[in-house]
Amino acid sequence: MIVDCAHYRDGVRQHEGQLPLDVAESCVVGDGDFVWLGLFEPTVEELRDVGARFGLHELALEDAYGAHQRPKLEDYEDSYFIVLRPARYDDEEEEVEFGEIMLFVSRTYVIAVRHGAASELKGVRRNLEAHPELLQAGPAAAVWAILDKVVDDYQPVVEGIDNDITEVETEIFGEQEDATRRIYFLKREVIEFHHATAPLLGPLESLERGAFPTMDDQLRRYFRDVADHARRADEQVTAQRELLTSILEANLALLGARTSTTVRSISGWAAIIAVPTFLASIWGMNFTHMPELDKPWGYWIALAMMAVAVILLYRFFKRIAWL
Amino acid sequence: MIVDCAHYRDGVRQHEGQLPLDVAESCVVGDGDFVWLGLFEPTVEELRDVGARFGLHELALEDAYGAHQRPKLEDYEDSYFIVLRPARYDDEEEEVEFGEIMLFVSRTYVIAVRHGAASELKGVRRNLEAHPELLQAGPAAAVWAILDKVVDDYQPVVEGIDNDITEVETEIFGEQEDATRRIYFLKREVIEFHHATAPLLGPLESLERGAFPTMDDQLRRYFRDVADHARRADEQVTAQRELLTSILEANLALLGARTSTTVRSISGWAAIIAVPTFLASIWGMNFTHMPELDKPWGYWIALAMMAVAVILLYRFFKRIAWL
Amino acid sequence: MIVDCAHYRDGVRQHEGQLPLDVAESCVVGDGDFVWLGLFEPTVEELRDVGARFGLHELALEDAYGAHQRPKLEDYEDSYFIVLRPARYDDEEEEVEFGEIMLFVSRTYVIAVRHGAASELKGVRRNLEAHPELLQAGPAAAVWAILDKVVDDYQPVVEGIDNDITEVETEIFGEQEDATRRIYFLKREVIEFHHATAPLLGPLESLERGAFPTMDDQLRRYFRDVADHARRADEQVTAQRELLTSILEANLALLGARTSTTVRSISGWAAIIAVPTFLASIWGMNFTHMPELDKPWGYWIALAMMAVAVILLYRFFKRIAWL
Amino acid sequence: MIVDCAHYRDGVRQHEGQLPLDVAESCVVGDGDFVWLGLFEPTVEELRDVGARFGLHELALEDAYGAHQRPKLEDYEDSYFIVLRPARYDDEEEEVEFGEIMLFVSRTYVIAVRHGAASELKGVRRNLEAHPELLQAGPAAAVWAILDKVVDDYQPVVEGIDNDITEVETEIFGEQEDATRRIYFLKREVIEFHHATAPLLGPLESLERGAFPTMDDQLRRYFRDVADHARRADEQVTAQRELLTSILEANLALLGARTSTTVRSISGWAAIIAVPTFLASIWGMNFTHMPELDKPWGYWIALAMMAVAVILLYRFFKRIAWL
Amino acid sequence: MIVDCAHYRDGVRQHEGQLPLDVAESCVVGDGDFVWLGLFEPTVEELRDVGARFGLHELALEDAYGAHQRPKLEDYEDSYFIVLRPARYDDEEEEVEFGEIMLFVSRTYVIAVRHGAASELKGVRRNLEAHPELLQAGPAAAVWAILDKVVDDYQPVVEGIDNDITEVETEIFGEQEDATRRIYFLKREVIEFHHATAPLLGPLESLERGAFPTMDDQLRRYFRDVADHARRADEQVTAQRELLTSILEANLALLGARTSTTVRSISGWAAIIAVPTFLASIWGMNFTHMPELDKPWGYWIALAMMAVAVILLYRFFKRIAWL
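Residue numbers (the working numbering), protein chains in the order written: chain Z, 1 to 323; chain X, 1 to 323; chain G, 1 to 323; chain H, 1 to 323; chain L, 1 to 323.
For the record, the hints were derived by calculation from the structure and aren't laboratory data.
Where is the CB? At the ideal position from N, CA and C, for every residue including glycine.
Accuracy of the hints is not assured; some may be wrong.
On the chain H side, residues computed to face chain X include the following (Cβ under 8 Å) [claimed, not checked]:
| # | residue |
| --- | --- |
| 1 | R13 |
| 2 | D234 |
| 3 | L252 |
| 4 | A253 |
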């Protein structure tokens with residue numbers, strides 16, 4: 001589905017509404033012109049049509065059909081193919097959702113193919129159209145704006161995971177519940193997020209070092225800024241992985257400690273009941289000559305001895321903190 | 001066993017059926033000519049014969065006899081020796097099966113020696129013969145097509161392992177069974193798969209950077225595509241290893257938690273039976289003066305007290321969730 | 001909030017008290033002149049005003065608004081943007097507190113923007129003003145002095161953590177308490193500290209290798225000294241992380257050993273009470289012909305046998321160290 | 001002890017039997033000549049004598065006295081000093097035994113000093129003497145042949161360890177025994193083997209890249225082959241280490257699972273005996289009015305109820321798989 | 001404290017006894033002259049005095065006051081500052097003790113400042129004075145000799161730790177004691193030793209590659225020898241760390257296995273006593289019609305049945321190896 005298609009000259013959109021593809025194809029004439037085409041989950045036919053009109057490379061097109069690529073930046077003589085993995089954190093499910101954005105970029109066009117949910121770009125285009133001084137830099141400006149959006153959107157994901165880690169900490173240290181399942185799936189999300197974002201650092205750093213040879217220094221600094229944010233997200237995710245590994249270990253130790261506590265408390269209670277039972281079994285013996293059995297106060301003394309045993313044991317186990 | 005042997009000129013197969021070796025040997029005359037020879041688990045004699053006819057290097061030949069090589073790319077002045085490890089996932093056994101493909105490549109020949117199961121190349125040759133425009137590039141095109149097949153076949157392996165990981169997760173978090181054995185052997189497969197595929201990245205990247213000096217830019221992009229897919233498989237396998245390590249840890253914690261639960265529930269039931277047993281032992285004592293023993297309702301009150309004790313204990317342990 | 005603003009010429013402060021911004025802006029005329037401006041948690045308006053007056057780059061300014069940056073060194077043609085993360089150890093809470101210092105540096109100004117607690121710089125300026133021979137080197141001297149302060153302040157943090165590690169060791173090996181919670185949170189602090197300080201090494205090493213091209217060799221050695229101290233802190237933190245991982249593992253083993261000890265001691269006591277209970281149950285049987293029951297000494301012998309059993313069992317379990 | 005000493009010219013041994021040292025010393029006159037001297041655990045005097053005759057460097061000689069060196073390749077202007085660590089697997093003891101081979105190599109001599117068991121070189125010399133076309137290449141050919149032997153001998157070690165790993169897997173997953181001790185010592189062997197062989201890769205790769213400047217391309221390919229085999233052994237050992245770590249973890253989980261199973265089965269049996277005991281204690285009470293006590297069938301009903309309780313409990317515990 | 005101060009010319013000590021500082025300062029006139037000054041834990045004043053006389057750099061001096069530096073090699077135009085961390089193993093305490101040696105080196109002086117115990121250098125100077133041919137190389141020879149001593153002294157530390165590891169292995173696999181504490185503190189020592197020695201490799205390798213530009217090839221080989229020994233110690237320590245990690249894991253598994261054994265043995269004994277107790281409780285019931293109660297042999301049969309039950313259970317538990 002074509003989401004928007006517009007012709008820009010010197011940073012200014014040349015028309016209201018969406019340009020038909022065949023007009024777009026032909027309206028790039030000068031050096032300050034370029035077309036920005038946005039597609040959302042296009043059919044193979046749509047992609048093939050766009051590919052033919054703009055002369056996109058077959059291999060790049062194939063990658064764009066089949067989603068599930070790793071982030072990368074490939075150059076094809078006079079054009080670039082960029083794959084990004086935008087992410088969104090579903091706090092309800094504690095899951096990171098990934099979208100996909102493929103960019104075909106040359107001097108005269110930016111074609112953005114989006115897959116999945118977390119890949120909304122409408123706001124990016126609107127913002128950029130409001131800053132003609134940036135858009136003037138041509139397709140590179142659009143690439144920067146998209147990258148900036150994708151990388152900035154990693155931050156809420158990192159923060160969402162941070163919140164969940166804090167919750168898990170409270171859970172295991174405070175409420176004494178077994179949070180193994182939650183820790184594991186959180187770690188799983190972190191591993192997946194890391195593997196989806198880490199390969200982005202390479203492409204970003206080549207952009208930072210100037211993969212677009214025509215890009216001016218000013219813009220390169222903007223790419224450096226994006227790379228810096230990506231590095232920051234990456235470092236935070238690495239720290240989160242380490243934390244979750246430690247939490248899993250701590251959880252194991254806490255479980256062991258809790259079992260130990262349970263065993264002690266059970267044993268205490270078992271002793272408290274075993275001792276009076278033993279006393280009762282003594283006076284249950286059938287010896288003919290057990291003088292206390294015939295005493296009128298015998299029974300009451302027996303019950304009292306049991307009560308005293310229970311109380312002493314209870315206080316003893318309280319003192320050694322087994323109960 | 002010779003599987004197929006054909007002479008190609010300008011990307012077109014020059015004949016139907018299989019060429020005898022002595023004809024093949026001699027029919028390479030121009031620059032657009034090359035011979036593509038396919039062997040499946042050849043005897044030492046067959047290999048030696050082929051080696052003599054095409055002048056293959058002794059060291060490369062030795063590697064081709066003895067299988068179980070690591071993926072590599074070696075250059076011998078005017079020819080290359082490439083070792084690949086195709087893989088297939090046996091979902092039944094949860095095992096990765098490895099084959100082996102050795103390629104001897106020069107400007108005038110491609111000799112593919114295959115070992116093991118997961119190394120079928122017939123489809124590759126057929127596809128390529130259907131695209132003379134690709135085959136025109138000569139032996140490098142055949143090498144690319146074989147590499148592409150091998151690397152693309154890693155994807156189902158990765159996905160098969162992914163499925164099994166999901167199953168294992170369900171097993172340990174849901175059905176509460178001990179999946180240690182399964183997790184271990186899955187991890188073993190992943191480690192083996194990783195060690196069989198990771199060394200491929202080096203050779204692929206040297207091909208990407210142009211190990212064939214005569215290879216044109218167009219084809220180099222195809223090799224880059226293959227390298228990219230290999231890198232993706234490699235990253236996925238790395239993530240799977242981390243997941244399996246976490247699963248093993250989570251499994252340990254779950255086992256601990258389960259033992260803890262069992263111990264609590266056992267202790268609860270033990271208490272429920274110990275208390276009435278203690279009561280019975282009291283009234284089993286032989287004191288002469290135990291007034292309640294002579295009351296007609298004594299026995300029934302005793303039974304009632306035991307029942308009440310059982311009910312109270314049961315509700316208590318239910319409330320603290322030990323039962 | 002502007003903390004201080006001063007104009008220096010040839011290493012000497014040109015005036016008492018704080019210079020108004022509009023004077024500061026204009027008073028830099030010669031090569032030995034520079035302005036050192038200190039801001040503490042400035043409002044966006046203050047920052048924007050300063051940015052406009054001194055021509056600071058928009059991207060750097062944005063970073064300075066929003067704190068929570070990673071340590072870095074970015075060059076902007078004729079100026080540098082440096083981010084530092086000073087740290088302080090709160091021994092009470094066993095927490096590392098982080099501040100943030102952003103430096104905008106050119107030949108004619110040093111603008112230090114501070115956030116958070118552990119970022120006091122007043123002493124740095126005072127010390128430097130007392131050594132005009134250092135300040136003569138211009139803004140680079142101020143940058144060095146600030147870096148030196150930040151990195152030297154890491155040492156007490158490292159030592160604070162070292163103390164707590166020693167305490168935790170005593171706790172788990174000596175007092176036999178479960179220190180899991182404390183170990184985990186200590187490790188968390190170490191991970192956070194490491195991730196806050198490690199990225200500093202890169203910028204420091206580029207300063208050491210001469211990121212300021214106009215910096216003389218003498219000063220470069222001072223930067224090398226700072227880099228060396230940072231590396232040392234980094235290595236110590238790495239060692240602490242390894243120690244804490246080992247402590248967590250040792251803790252787990254100790255817990256296991258303790259549970260084992262508890263189980264043994266409980267079992268010993270259980271046996272000590274089970275044997276005489278069994279003896280009592282024998283003499284509680286109702287057989288008509290149990291000769292010992294009618295003996296006058298029967299009861300006393302029975303009690304004696306129970307006592308002997310208890311003593312023997314007690315000594316046995318003492319000998320095998322279960323009690 | 002001098003094992004063999006021979007003079008070679010153009011790849012051919014110039015004499016039968018062993019050459020005395022003083023002859024050997026003097027008989028190298030032309031470019032195709034060299035002496036190959038083999039020593040087995042020589043005394044310090046023997047070594048010093050050889051060192052003086054052939055002008056070996058003092059530092060290299062010192063290393064040759066004292067064995068226990070790490071694999072390395074050092075060049076001394078016109079000669080090389082190479083240290084190798086041959087290995088052999090003692091399957092009985094599950095231990096890797098290491099020998100040591102030191103080579104002093106120049107254009108005119110190869111002096112091989114061997115220590116320990118796994119360093120037999122007689123076969124190497126015999127094989128090489130049977131291939132004068134190889135020996136013609138001079139000392140480098142001898143170095144290659146020795147290296148080839150040492151590295152090829154790593155393969156049986158790797159396979160021996162592989163066998164033991166498979167055995168350990170069967171042991172822990174099948175026979176339910178505690179194999180901790182065996183796993184640990186296997187891992188210890190693997191760690192030692194890895195640390196003895198890994199440093200070899202560096203020297204081998206420098207030989208591959210042509211550390212002998214006079215070595216021809218043909219021979220260099222042979223060294224590449226050796227390096228390739230060494231890399232393969234190294235990768236296999238790395239995989240084995242990972243496997244053994246996983247086995248240790250799996251073993252821990254299995255132990256936990258087994259304890260859990262034991263606890264459940266014990267608890268089941270405890271319940272089965274506790275319930276009838278409780279019933280017996282009820283009818284052991286001394287209430288005057290317990291109607292069932294006087295019934296003729298009372299005892300038999302009581303026994304029957306106990307039996308029923310036992311059967312029901314047994315079936316219940318069987319159903320929940322605790323027994 | 002000044003330990004020794006001597007003037008050397010062409011490798012020969014120019015005088016008996018210790019030279020006063022003011023003489024030493026002035027007696028370096030030719031190219032073959034140098035002063036070797038040794039200080040042990042000097043006061044700040046002593047150091048400052050030496051610094052002033054020989055023109056040592058302030059930053060290097062500061063490091064020398066305050067000990068606890070990391071090993072490093074810093075060049076100051078015409079002089080070098082080297083920090084070493086000699087180590088000694090206290091086998092009694094199982095602790096590695098560290099000293100510190102700081103060297104200020106130029107063409108005309110070697111100033112060695114020592115801190116702590118394991119830094120004795122008297123022997124080094126004596127040995128070197130006995131080999132004028134080495135000392136002729138000037139300060140570099142002294143640096144080499146000191147380095148050689150420090151690195152060679154690492155070997156006994158490594159071996160001491162090796163011994164303790166073997167002891168710990170015997171302890172945990174043989175004597176069945178909990179060695180957690182000992183393992184942990186051994187690992188702690190290894191981590192500390194590693195972090196104290198690893199940073200030395202960098203400086204040693206720069207010396208090996210010729211950090212002293214005036215050093216001749218001969219001497220460079222000696223430095224290479226030292227670097228090689230340091231690398232060896234480093235590799236051994238790395239292996240020890242891995243071993244200790246494995247030991248900690250094995251220890252955990254052994255503890256689990258031992259608890260399991262204990263639980264089984266306890267359960268066996270519990271069953272052995274529970275069954276006859278149950279039998280006794282049957283015959284303790286008060287039913288009027290229990291025929292066996294009135295039989296003269298009833299009691300003896302009952303005792304016999306209990307004995308048989310005990311024997312059968314005992315043999316059963318022996319057979320399944322629970323006892």
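Results of checking the hints against the structure:
no., hint, result
1, R13, "violated, 24 Å"
2, D234, "violated, 10 Å"
3, L252, "holds, 6 Å"
4, A253, "holds, 4 Å"
Comparing the model with each numbered hint stated earlier shows that hints 1, 2 do not hold.
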